[in-house]
Amino acid sequence: MIKAGFAEKVITPPVPTYLAGYFHERIGNRVRDDLYAKAAVFEADGAQVALVVCDLVHVTAEIVKPAKDIIAEQAGIPPESVMISATHTHTGPEISARKVAPVAVPLDSDYVARLAPTIAEAVEEAAANMFEAQLRPNTGQEAELSFNRLLRMRDGTDQFGWDGDPREVAGIAGPIDPEMVVLGIYDRGSNLRGILINFALHVDVIGGGGADFVSADWPGELARAIRALYGEQVVTLFLQGSCGDINHCTHRSTELPTALEPKAVQLGRALAAVAVNAVEKAEPAHDETVGSMLHTLEIPYYEVDDNLRQTVEELKKKSPLNDFEKFLIKSVEVWPYDGQIAQVPVQAMRIGPLGIGIVPGEIFVHWGLTIKHWSPAPYTMVVELANDTFGYIPTIEQAQRGGYGAMPILSRQLEASAGRIISDEVIRMMNQLWEPQLTAASSIPANLAAALEPYAPKQTK
27 MIKAGFAEKV ITPPVPTYLA GYFHERIGNR VRDDLYAKAA VFEADGAQVA
77 LVVCDLVHVT AEIVKPAKDI IAEQAGIPPE SVMISATHTH TGPEISARKV
127 APVAVPLDSD YVARLAPTIA EAVEEAAANM FEAQLRPNTG QEAELSFNRL
177 LRMRDGTDQF GWDGDPREVA GIAGPIDPEM VVLGIYDRGS NLRGILINFA
227 LHVDVIGGGG ADFVSADWPG ELARAIRALY GEQVVTLFLQ GSCGDINHCT
277 HRSTELPTAL EPKAVQLGRA LAAVAVNAVE KAEPAHDETV GSMLHTLEIP
327 YYEVDDNLRQ TVEELKKKSP LNDFEKFLIK SVEVWPYDGQ IAQVPVQAMR
377 IGPLGIGIVP GEIFVHWGLT IKHWSPAPYT MVVELANDTF GYIPTIEQAQ
427 RGGYGAMPIL SRQLEASAGR IISDEVIRMM NQLWEPQLTA ASSIPANLAA
477 ALEPYAPKQT K
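Okay, so the sequence shown: first residue is 27 according to my numbering, each after it adds one.
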């Protein structure tokens, strides 16, 4: 038997509030829709895991650690069995004082101090209201709403978007992940009580650069659409996928919405339709194993090199500078991490047939696809922006090409090999969580057997 419980707590800041996610000051003067900390707790055979998703741009260790400590004390769920992540909304409050450069976005320290207890309260409430559950996992596909936002130029560099002469573009610099993974959680009366949805798509749609309001962006619209169909009892946890280089900006001509509120509503409804289609066709799972592992990796921070110093010196000669360029100069001048080692938390969870690879920062989609490819789980989610933040985590090659998300310090804080180190460790942990089942298997799994067939010894007469 597996049990599950859900809860959600409002974490909308008082307005006016400074908004996070840009290089210039933006103030939210009103609340378009509330922000939430949403919790799901699962229990089987005495083991518990908790997942929390917050409508924030990211979460930091300064919030995660005290929240996990309270959860351990009051709900009895150990820190290694708790995941705390963010949807990555850019119309939420600034929550991090751990800046690599000063920016004109003050921090509401009273609001930030309330986050950890509120997150813990959501988990406690979910744990206190568990029910006998049935898990129904499935996948859906949506390949027309997400786009790799980096372009490979003819000179071998990467560029963010279509600025400049399009004739200099060689092509799209990377893939997308069109797979949506869903887990519907039903009670014994076959009522949908909660749903986990994992999809890789940046959450910077509804406000753009000129937002003057607080909003959960399209994940909020997604949750509203799900609730409108299934009822107010349903709690939707949107678990952000590996979207470090993925956003909503189409590479083709369209007369459909492309930005702001109309686009957020379109995305929320369309992705809700994918989730509904998948969960309505999902068969009940009979694997009710629950488990979690959390490892802290030591990964060197990026060290300032001559190329970056030269870039900064050239920028200093330019006038006027835009906000992006000002931030880069300040970031390099005050970068405090040369020669230091980052403590990077990575995590893996198992909920029945669902494996969840959990990473900090904004990881490029290549690494998410890599984790999925080598996962032993029948269904695999990759969740970014969890347990802490370290900026973007690009591929090793793209770390050298200079596109946004790969630019050191401005967006990338760790050394270039961080993505490989992180994804390798997640894959190892997921295999350890599945090891008893894999070891007990009487034969090679069908998918692996098919892959190995070309290498099998040939029988001769």
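Each hint should be verified, as a subset may be incorrect.
Taking lysine-lysine and the BS3-like style, the derived pairs with C-alpha atoms no more than 30 Å apart in a straight line are [claimed, not checked]:
no.: 1; residue 1: 344; residue 2: 356
no.: 2; residue 1: 307; residue 2: 91
no.: 3; residue 1: 342; residue 2: 356
no.: 4; residue 1: 307; residue 2: 352
no.: 5; residue 1: 356; residue 2: 307
no.: 6; residue 1: 307; residue 2: 29
no.: 7; residue 1: 352; residue 2: 342
no.: 8; residue 1: 343; residue 2: 356
Since the hints were made in silico from the structure, they are not lab data.
Cross-check of the supplied hints:
1. The hinted pair formed by residue 344 and residue 356 meets the criterion: a straight-line CA distance of about 15 Å does not exceed 30 Å.
2. Pair hint residue 307 plus residue 91 does not hold up; C-alpha atoms about 38 Å apart against a cutoff of 30 Å.
3. Distance hint between residue 342 and residue 356 is fulfilled; the C-alpha atoms sit about 11 Å from each other, no more than 30 Å.
4. At roughly 51 Å between alpha-carbon atoms, residue 307 and residue 352 are farther apart than 30 Å, so this suggested pair is violated.
5. Note on residue 356 and residue 307: the hinted pairing is violated, with a Cα-Cα distance of about 52 Å set against a maximum of 30 Å.
6. Restraint check: the Cα-Cα separation between residue 307 and residue 29 comes to about 22 Å, which is no more than 30 Å; the hinted pair holds.
7. At roughly 9 Å between alpha-carbon atoms, residue 352 and residue 342 fall within 30 Å of each other, so this suggested pair holds.
8. A C-alpha spacing of about 14 Å is found between residue 343 and residue 356, which places the hinted pair at or below 30 Å, so the restraint holds.
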